[in-house]
Amino acid sequence: MGRIAALAVRAAPFYRRRMAKADRLERLDTRRADLEVDYREALIAALKVCAAGKWGLFDHNADRAARAAVAPTIAELTELAEEIDTAREQLFMEPFELHQEFLRQRGPVDSQAVGEPKQARAWLDRLTAND
Numbered sequence: 001m002g003r004i005a006a007l008a009v010r011a012a013p014f015y016r017r018r019m020a021k022a023d024r025l026e027r028l029d030t031r032r033a034d035l036e037v038d039y040r041e042a043l044i045a046a047l048k049v050c051a052a053g054k055w056g057l058f059d060h061n062a063d064r065a066a067r068a069a070v071a072p073t074i075a076e077l078t079e080l081a082e083e084i085d086t087a088r089e090q091l092f093m094e095p096f097e098l099h100q101e102f103l104r105q106r107g108p109v110d111s112q113a114v115g116e117p118k119q120a121r122a123w124l125d126r127l128t129a130n131d
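Note that the UniProt record's numbering has the sequence shown beginning at 1, numbered continuously upward.
Please keep in mind that the hints were generated in silico from the structure rather than gathered at the bench.
Remember, it's a predicted structure, so these values are computed and weren't measured experimentally.
Wrong hints could be hidden among the right ones.
[As the list claims (entries may be wrong)] Computed cross-link-like contacts, DMTMM-like style, restricted to lysine to aspartate or glutamate with a CA-CA straight-line distance of at most 20 Å: (1) K48 x E101; (2) K21 x E97; (3) K118 x D29; (4) K48 x E76; (5) K21 x E76.
Take these sequences, add in the hints, and give me the full structure.
Next comes the structure, spelled out in structure tokens:
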């Protein structure tokens with residue numbers, strides 16, 4: 001066996017490992033992108049319900065019944081966001097900003113703030129502007 005062939009045989013496992021890692025990262029990035037699409041679709045569906053007049057998504061009134069009604073939606077969005085953030089962390093990316101922004105908009109507001117349906121409509125307009 002020639003010297004170059006011998007070096008190639010010894011180096012082959014190293015290159016296979018690098019290629020396998022690259023493949024894993026590519027699959028993880030594809031999964032992350034799919035999860036972000038799922039999150040966006042779930043958020044848009046929830047915003048449509050809120051824009052139609054159902055309060056609770058933004059938790060402005062801290063109403064127990066409204067909070068309980070929207071709890072499964074918030075749990076689904078949070079679970080998706082946690083999966084996305086885990087993938088983003090492994091890919092050395094910034095945390096998922098859309099969920100962080102949504103969380104910042106939730107909670108009590110002063111009496112002069114727009115209602116949840118109007119806020120949901122504004123979010124929908126922004127999220128669907130590029131569609």
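Please flag the earlier hints that this structure goes against, numbers listed from lowest up. Hints 2, 3, 5 are the ones this structure does not satisfy, whereas the remaining hints hold.
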